[in-house]
Amino acid sequence: GAVVSQHPSWVICKSGTSVKIECRSLDFQATTMFWYRQFPKQSLMLMATSNEGSKATYEQGVEKDKFLINHASLTLSTLTVTSAHPEDSSFYICSATPSENRDTQYFGPGTRLTVL
Amino acid sequence: AQSVAQPEDQVNVAEGNPLTVKCTYSVSGNPYLFWYVQYPNRGLQFLLKYITGDNLVKGSYGFEAEFNKSQTSFHLKKPSALVSDSALYFCAVRDKGFQKLVFGTGTRLLVSP
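Taken in order, these protein sequences are the chains called B and E.
Residue 45 in the working numbering sits at position 45 of the first sequence, with consecutive numbering throughout.
Residue 1029 in the working numbering sits at position 29 of the second sequence, with consecutive numbering throughout.
Be careful, since some hints might not be right.
As the list claims (entries may be wrong) - Taking CB as the label site, the calculated pair distances span: (1) His85(B) <-> Ser1084(E): 20 to 26 Å; (2) Leu68(B) <-> Lys1077(E): 23 to 29 Å; (3) Ser9(B) <-> Pro1007(E): 30 to 36 Å; (4) Gln1010(E) <-> Ser18(B): 24 to 30 Å; (5) Ala1001(E) <-> His85(B): 28 to 34 Å; (6) Cys13(B) <-> Asp1095(E): 34 to 40 Å; (7) Lys20(B) <-> Pro1018(E): 25 to 31 Å.
Since the hints were derived computationally from the structure, they do not count as laboratory data.
Predicted model only: the values in this text are computed from it and were never measured.
All C-beta atoms in this analysis are idealised placements derived from N, C-alpha and C, irrespective of residue type, glycine included.
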């Protein structure tokens, strides 16, 4: 139980294009999902908290117009990196909290984004 | 503000020996504490958590952690290490009233045959 998937697992794109990453909770409903960014050999940095049916809450320093988050259903949240640049290259990880047990976050396998 | 410290960048242990990965925390209220493991190019896997109750928490893959309130620590332990335990381990904390997790910097565990 408590499986979270991400798609795609990796993506390479040209500078200036937009990339959408999906995060799905496969066997539970998630009122809240989180998006993290991880640089090589570093810890996870929370980018935003995504609540189903409402606007995401962004952490300080994260550009909400660049990193668009949509949480349209209880099992799906998407992160769109708009007008990507090489400095956006990173490992993006989502997590989800089951609606009936909000104590624990379960993480997806991550998406490796490379912007050329 | 919540914070977590993992003082060791890397821990080396021989297979079969006990292992300890250290974590100390700072939180204003009652802490919710977590350990996660990350294998290369993968997301984080949940190992165990402390919310309330017994100070010794048992988790996945034979790992356990001891909550010590006086020392504000939550060290991860395993009685007998396996080579396959080699990975990156993250300690995380959140305040009871909030869902946001704060992660430590991670400790790389290397178990040698």
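If you check each hint against the structure, which ones fail?
1, 2, 4 and 7
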